[in-house]
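Here are the chains, one letter per residue:
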Amino acid sequence: MGQITLQGVEKSFGPVHIIKGADLDIADGSFVVFVGPSGCGKTTLLRLIAGLEDVTGGAILIDGRNVVDVPPAKRGLSMVFQSYALYPHMSVRGNIAFGLKMAGLPKDEINRKVERAAATLNLTPYLDRKPRELSGGQRQRVAIGRAIVREPKAFLFDEPLSNLDAALRVQMRLEVTRLQKQLGTTAIYVTHDQVEAMTMADKIVVLNGGKIEQYGSPLELYERPANLFVAGFIGSPKMNFVTGEQAKEHGAATIGVRPEHLKVERDGQGWQGTVAVAEHLGSDTFLYVDTGPLGTLTARYVGELGLSPGDQVSLTPEPSRIHRFDDSGNSIRA
Amino acid sequence: MATQQTQLLARTLLTPAVALLFIWMIVPLALTVYFSTLHYNLLDPGSEQFVGLENFRYFLTDPAFLASLQNTLVLVGSVLAITIVVGVPLALLLDQQVVGLSIVRLMVIAPFFVMPTVSALVWKNLLMHPVSGLFAWLAKLLGLTPIDWFNDVPLLSVILIIAWQWLPFATLILLTALQSLDEEQKEAAEMDGASAISTFIYITLPHLARPITVVILIETIFLLTVFAEIFVTTGGGPGLQTTNIAFLIYSQALIQYDVGSASAGGLVAVVIANIVAFFLVRIVGRNLEA
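These protein sequence lines map, in sequence, to chains A and B.
Residue 213 in the working numbering sits at position 210 of the first sequence, and the numbers go up by one each step.
Residue 8 in the working numbering sits at position 3 of the second sequence, and the numbers go up by one each step.
Worth flagging that the hints you see were computed from the coordinates, not collected in a lab.
Predicted, not measured: the structure shown is a model, and the values here were computed from it.
Simulated restraints, written as ranges between beta carbons of each label pair:
1) Ile226(B) with Val73(A): 47 to 55 Å
2) Val73(A) with Gln101(B): 23 to 31 Å
3) Leu149(B) with Asp57(A): 41 to 49 Å
4) Gln101(B) with Ser138(A): 35 to 43 Å
5) His92(A) with Ser107(B): 30 to 38 Å
6) Ser138(A) with Phe227(B): 36 to 44 Å
7) Glu188(B) with Arg227(A): 37 to 45 Å
8) Glu112(A) with Leu149(B): 54 to 62 Å
9) Val19(A) with Val23(B): 53 to 61 Å
10) Thr202(A) with Gln101(B): 39 to 47 Å
11) His92(A) with Tyr262(B): 51 to 59 Å
12) Gln101(B) with Asn114(A): 32 to 40 Å
13) Asn125(A) with Pro116(B): 50 to 58 Å
Where is the CB? At the ideal position from N, CA and C, for every residue including glycine.
Bound-form chain B, shown alone (with noise of 0.2 Å):
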């Protein structure tokens, strides 16, 4: 593979698949750039004008711009806080000689292969209904007044439903990654006096800490876009209360219409994610590190 005639051939063969890639990514990043510098509004068409960085102002200090940054960080963090604090006992859990264990391990993993807008679609109608859903079942079953989930905890059903999403994601990696533990070092630790929980602490978890990154880094990428779980189920609202910064790009889009502003927006996003994954990768990154 390392003569020149096979470097050349693999390079003029790897070409057109790079250059369509390219410009996949540099047509929609160009344009939404040109965009962002225009009043630009669906309703009025044709009076575009360049407007400079006003849309930028506009957007960044529209008050609905910090709500809904504060959003997407707390959805981000309470779905990896929830997905690695329960999936690591799953993982535990799963990775024991049980009967049956196959099916198990089959029905943990099945969320993952629902679509956003289906699962969204179940919690909201078959769960956490306050009339017909389960939850509120249950509640009256036991004496309780239902809770209105997505008027009282907008934020924290949401969290819910992603968290539901993700876990089998998270519990898959750490799963594969227990079953890698060698098990004489278990054996090893057992030897050496230490109990369940100490091997726990001092054996599985520093074992388990490059998966954790990994899950982090991942759910991170995709959290920080979440959409149609919010879409289908509360509209962003009430108010701002369940609005991200996914969410409030498409409502400056699509709701006002206002494209500049939207496409101001999208390039704010690509800032914060940015910004968010030189933090992580500052702070995890370096159990990625052999």
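The shape of chain A in the complex, shown without the other chains (with noise of 0.2 Å):
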């Protein structure tokens, strides 16, 4: 079991409030990521429910028991470290026992735990080296094994892939999706980049300034955002906000399109821009349209157009799909 519930918790350092209230349910066995822009106390909130940090406030409750006061190795928490924090002069043996060892188990019960995780994550052959030894996707995996290994009630990630390269992030996403869905423990993952939030979780925290914006599955985010926030944050390239004339018109403050829901033609109907830049992927392609007083709008459409800088194109937004936000950013619902 771990079935992990914040109730208006609470943080700050001295006068600096770095989490601002925050409730959360996480169920048993999901797979939930803290996305956020730096410094929005998305690593805060993890280290809180880690028992890193202390809470200045609320309740955290790990199955129903309210944990504010327990150490974190009571907690039944494993967490995998943005820099591995490997132990360096213990092999990957060692590192990975170790947790077992401070808890006392008998030798044979933790050799075999060790060779099962190791067998888990393919690392029996790199077992007696030691972590210097080892490249950074190896690293990631004994810092991975250590965490499994204890048999926690939830994983703890911080930033955990931020050091790999590219190619070896997005393998080690599937790597780590794959294995918490075999293991079906509870994971809370903190991480700065949308794409790994929007294909790795169940579900997705977007946090800002201290405050939970909104809690929804990948899709709920990006097909209704609470707010002019998640909305901007959620999606790549960033949906393109319209203000004014055009958004009375829809009756609301502000109106947000995503890129991939503008037609572009090369004469239309629609808003009229100059293209400023076109960027070719091959499978698609980003414009930057300057529309004059609607500033500039991006655009993506599958294929090629063969729009060059400096071409008039018109950019009608499909209506269905048009975000309306009220005067302090909430989204209007029809």
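From these two lone chains plus the hints, build me the complex, please.
Below is the structure:
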């Protein structure tokens, strides 16, 4: 079991409020990603759950028990750190076994568990090597091995893939997701990379300025963002925002249209503009269109239209895909 | 920097410095070797004559030699042990976040900046003096008999003074090493359920292996040649109880005026230093390999 509930969790460092009251319900076995810009408090929130920081207010419940006064090791969670935090003078075996050794398990049981964890992660040939003799991806797997061997109630990942190169990151992303599904253990994963968030999560928590902006499944966040911040943060390239007359026509202070929901034509009846930059990715093309009063809009279309900078285009938003926001930035639901 | 021209330039410019350093080293060494083969007594000038290895036989069979060799090793070993055993906890304390820490750190480092002669005098006259010293006053306050440090436990007294001088050095090196210990490693150990003591044994101490090695090697170099502290406090006595090799050579040369024997002793000291260095590097040097 690994059900985690946050009730009005607050954290301040002196006069600075980092977490301003977080309420969250994480179901057993789910993969939850905390995502947000730098300094939004996502890592702090994770460290509060881990017990590496003390909460200023509120309650953290693991399987119904309030753990705010329980030391980290007794919470039954394990953590994978951004720097991996492997013990440099211990072998891979020593690293993975350390937690079990501290728990005072008998030697043969430790060995059995370590061997099994190593086999799961394809680390068996490296068991007697030191961390410095491993590649980045292997170190990452050792850090994960150290987390899974203790059979915790939940895994906590603190930006674990940010030190890997792009190709390895995609591969490890898959491995982590697959492993989590296979073990069925609750996982909380912190990242600033919204692609990681969208691809890995069962549910995403979008944090901004110490507040939870929205909590929902990836597609929910994409299709029904709760406010301007979530709308702008989720999705790549970013959503276009238009204010003024065009927004008023739809009865909103601001309207948002995703680049993929703008129809691009050489001559049409939509918003008129000049192509400023065209990024050709082969499979699709990103256009940055200067539309005068509406500002620069981004449009994405599949395939090639043969457009180049300076060309006149017309952009038409798909009516059903227009997001409307009120004065305070909250989404208006029809 | 790798072109032939720059290499030539670098060599040309370095040559005078290297030559000077070489002469600075080789002339005293050659003279010492030369003197060590002479009967050369300052009280009997003009009578120098070649005696072969007689000076070495005289120095090595002198009962004072073995006693001073033992004193040297005891002194080096004890000071190393004290500075590391006390230095590690002290560094751990100074690594904590406490108000006024910068001042405390400065005060801990201070003894290292006091010259050996001065600190030995302070210890001798202000602290360890059996009549007017602070320790004697404390002992009397508690109703005990004051210890006459330099008569009752002369070698221990010298060791305490030198350990006090070198403790800041060890603490400083260990402290900088502690500050480079990855915070996330300690947190990982905390998550793994390690207690403070386990974290110290399994995480901190292995991390300190390399700086401890550095402390041992550097301190050994200087502790083998301790002289001022002994000269100022005990003068090598009582008897030979605080005479180390360096002090023995001094007494051969400038108390007995026997330059030949002192030169032989100097060369013996070089050999001893090399033997110690050889064993040290064998024992602790592997910690320095990356």
